[in-house]
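Put chain B on the given structure of chain A with help from the hints.
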Amino acid sequence: MKFSLTTLKQYLNTNASVSELADKMTMIGLEVEEVQDLSTSLKGYIVGEIRVVEQHPNADKLHVLRVFNGKEDVQIVCGAPNVRVGMKSVLAQPGCYVPKFNETIEISKLRGVESRGMMCAEDELGIGDDHTGIVDLKTDLPAGTPAAEALNADIVFDVNVTPNRPDCLGVKGIARDLSATGIGTFIDIPKTPVAGSFESPVKVQISDKACPIYTGRFIKNVTNGESPDWMKRALIAAGLRPISALVDITNYLNIAECRPLHVFDADKLTGNIIVRPAKENEKLSALDDRKYTLSPEICVIADERAAQSIAGVMGGTDTAVSRDTKNVFLESAYFEPVAIAKAGVLTNAVSDSRNRFERGVDPLSTIPDNERATQMILDLCGGEASKIVIAGQDPDCGRVIDFNFSEVKRLTGLEISQDKMVEILERLGFGVAGTQVTVPSWRIHDVSLPADLVEEIVRIYGLDELPDSPMRAETLPIGTLLPKQKKEVAVRRALAARGLCQAITWSFMDSKLAKYFGSHGVKLANPIASDLDEMRPSLIPNLLSAVKRNQDHGTADVQLFEVGPEFYSDKPGEQKLVACGVRAGAFTPKHWLAQSRPVDVFDAKADALAALASVDAPVNTQIFKNAPAWYHPGRSGSIQLGKNILAVFGEIHPAILKAFDIKTPVAAFELYLDAVPAGKAKGKLQKEFKASPLLPLTRDFAFVMDTSVEAAKVISTIQNVNKALITDVSVFDVYQGEHLPAGKKSLAVQVTIQPQDKTLTDTEIEALSAQIINFVSKNTGATLRA
Amino acid sequence: MQEKINTLKPELLRAIEKADTLSALDEVRVSALGKNGQITGLMKTLGGLSPEERKTAGQVLNVFKNEIAAALDQKKEALETKALNEKLQSESVDVTLPVRPEEQGRIHPISQVIEETLTIFAQMGFELAEGPDIEDDWHNFEALNMPAAHPARQMQATFFFPGGSLLRTQTSGVQIRTMEAKKPPIKIVCPGRTYRRDYDATHTPMFHQIEGLVIDDKTNLANLKSVLLEFFKLFFETDDVAVRFRPSYFPFTEPSYEMDLGGAMARNIGKEWIELLGCGVVDPRVLQNCGIDSTQYQGFAFGIGLDRLAMMKYGIKDLRPMFEADMKWIKHYGFLPLDTPTVTSGLSLNGGRK
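Order-wise, the sequence lines are chains A and B. Position in the first sequence (from 1) plus 223 gives the number in my numbering. Position in the second sequence (from 1) plus 1 gives the number in my numbering.
Next up, chain A with everything else stripped away, as it sits in the complex:
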């Protein structure tokens, strides 16, 4: 909300400086975002008087001016069409900073002619957006006077008003808050009833609960000319463009007193005013040049013909006032905030009026503000006012809070004397009688509990005296992180240690790509972009997009991981935490010691297993060829505990890579952290370590078998021969080729045998070996390779 110091001083009698006022506003919750002070921002800009205007020798649209700066004539090249001899305008001298261009004026040559400064248009001065010509000052001040003085420019505050303080969407409310701090005294401008000399020919009838009270006034024979300078300046300071006296008066009271008003051209109204719900599909052309289609949830102000404005939101064009308007009907009403908020959302109309009504204007100000507005119209536009027309009645606003003043100490820790607290409340307009605090009507929307009064008192009193009370350390939690959260930390660090960089990507993605990843159709109703419209069903796609971006930016080999949620529905909680890693391109770059090779399924499997190990997952997992469709069907798998899928891994399906326009292979895994069973309960002791005094021995076996036989089957068969003695089975060679018949492969394994109680005899070892060969051949059809 922007307003000028002059407007503030209409409501606050103060000698405080601009910076004191700004600081005070900020420290009572009315955050000043900016103070515009032209005497600062226009430093070095002066009144310049044009003495000579000549055509530029090399450019048709430029003039060469001699401009008197108070001391001498200086040569200025100017492109404005409105230059004339004798005109006083604003001269930006060398050294002046021009925010619009983010440049500092220098002596320069324009088309070969030297220019010692710039004559300025409104937009270059930051006082408006006009750029049709340079500012015509029409001033009696001599050349050389600071421009800010000649522009008679106001100091403008831009205050960020929080939604709970609609009263401060009027300067009056801000002034009242400031007065409570003691920085000045509040001026309550009296609103004297205007008698009215005739009965209004327009009557009002209410048939919508959204409007408890509607007051009107017929004013005839007005002259809708320009408003006076003071009002124009107040509006310009507030960022509004003066239009005509009638419109300006309504805008001014909106800013000054948070009083949205409307003025109808009475001659364009048909019959009486009816406040009613809109009809289904009722149409209205509004002042913002939009055509609205309304519905019964929206309250409208209608005449006997049609809806003429959206109540509290926006006027219609059919009954708008113009410079020719002679007779007007003034509206001052109260609309329920919830109804206006709803109408606002349904119409998506933006207006200062909606902004105030939906937050809540003072419910008891309807009649007084009708009087004030009527008086201003009579003062500025002349004419003759009818008696006031009132339909409905003021809403009930009596609210008394039983307030225990010790609440301030309880909730904040601040010690404030009760006298001081009462003084603050009273200056804010609250009535205090003992512990009974009456809430003023303009604060009825946000003050209803003792805590709200605590806020009012502490806000004005300030927190300078707030003690810094350490919290008593009572008990510390046994662990801050839940086991699941600890896993998240562990898996991140483990994957980073394996060479993957941690990414954080959006939780949403492109639905067009989601379909490749088992989309659950969890689409946003209002995505920020059409390619971020669905909650990701997997972490893979966003990482693949990242692979593509990295490769496009010159990183050919990409190693990324993310730990984050994937989503299954739009219901809270239907999400799972996943650790996902991708490797793209070469596993190792070209290097003198190592052969470069593309990433493959075993890189993904290694990452998956390492990630599982980092979260202490059980080791008795099994590998199945059971990965989702976005993996290469022949080069992927799942790691399962029975039916519980802990992780999936593999090379990404070439068709998916094509969809992402990725030209290198990508190996990826997804680890479902929620699926990993919780570890042993804390407090249980680890099984004791027993070192065996007996040395382990190893035996190698090479089997020939059908290529379809899985290595895991061979390994588990051997392990099952004697679980006590056989402690490890490792594959050290896989061969398929010319030395073997087609459809056969050779698999060589090393078996580690750990004698338990006694050294094994050669006979025992031979027997065990024979058993191994026997079991493998029985289970897999393999034969020992000759």
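Treat the hints loosely; a few may be bogus.
[What the hints assert, rightly or not] Straight-line Cα separation of at most 20 Å, SDA-like style, residue types lysine to any residue; simulated pairs:
| # | chain 1 | residue 1 | chain 2 | residue 2 |
| --- | --- | --- | --- | --- |
| 1 | B | K329 | A | A809 |
| 2 | A | K565 | B | R247 |
| 3 | B | K219 | A | N627 |
| 4 | A | K565 | B | A150 |
| 5 | A | K632 | B | E131 |
| 6 | A | K707 | B | G132 |
| 7 | A | K432 | B | D218 |
| 8 | B | K19 | B | E78 |
| 9 | A | K632 | B | R247 |
| 10 | B | K5 | B | A16 |
| 11 | A | K794 | B | W139 |
| 12 | B | K329 | A | T778 |
| 13 | B | K45 | B | S24 |
| 14 | B | K272 | A | T249 |
| 15 | B | K332 | A | T811 |
| 16 | A | K323 | A | E345 |
| 17 | A | K432 | A | E520 |
| 18 | B | K234 | A | T249 |
| 19 | A | K746 | B | G164 |
| 20 | A | K707 | B | D21 |
| 21 | A | K799 | A | G787 |
| 22 | B | K10 | B | D21 |
| 23 | A | K565 | B | G164 |
| 24 | B | K234 | A | P693 |
| 25 | A | K565 | B | R154 |
| 26 | A | K813 | A | T778 |
| 27 | A | K813 | B | P102 |
In case anyone wonders, no lab produced these hints; they're calculated from the structure. These numbers were taken from a predicted model, which means no experiment stands behind them.
Here is chain B on its own, set in the frame of chain A:
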């Protein structure tokens, strides 16, 4: 005997010295100590001597034999060392060549900062709570004193699903879920992903927040000040920290404040104060919504933007690359895999300077 030794000794010692290979030295050894060696030959003559002579001659011969054996050993060692040195010399490589490639990953600065903040709050006795990214209207708005059509809802541009659920605009829903599930005392922090429909240089549609909540029978605004002051000292690893509270408005706290941070971090960017977070005393309506008696229990809540904290502490200028997964960026701003923050040893390896 002595005479023979006197003749043989220099001969043998010279031969040993002259031997320049192990095989040449072995020849000398055989010629002296072998089965038919000269010293062995002398040993054999001892048998022909009288016991007296044998004793004397035997002693002398033994000394001589040991002397030669020692000389042989010494020479052998020298030759072996020489041979080894030559072998090693021939094996030398260019050690300036690069090592086998090993990729080293990095932890994202936001994760690092989440761990840092959790470490600090853990030390203060907070427990960690988490909740879903997709929330219902009750937990994100209604229970937090933002009924439908409440103007404060417009402060937070919200992502909705067609069915009415939404992406949480703040982690405050976790507060509600915690208060619904357990009775005071409550002392939690909840970090997580949050979402708002904003996308420009200083806003991303997804960002991270950590929220704190304390509810018991005595905690007040003065405690909040203490907790935040302490937190920022520990987080920024400096005592040069000041906090300032400006009244503001949040529907779920009353009174509500914006906390500004002063001190070294602000001066670093040429400011006296930096707007940093929202906080306040928990609104009694929120407590009542969760079935907690607001006349008996009280407390505070605060919410901090984690992305912003990471940017401030680690000098990250732009917000948007945080979510672009650019390997070069992650390697530049990311953290070593084992750089786990602890309060005891200082949160970061070097206070955030890289």
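Checklist entry - Does the structure break any of the earlier hints, and which numbers would those be? => result Those not satisfied are hints 2, 5, 7, 13, 18 and 20.
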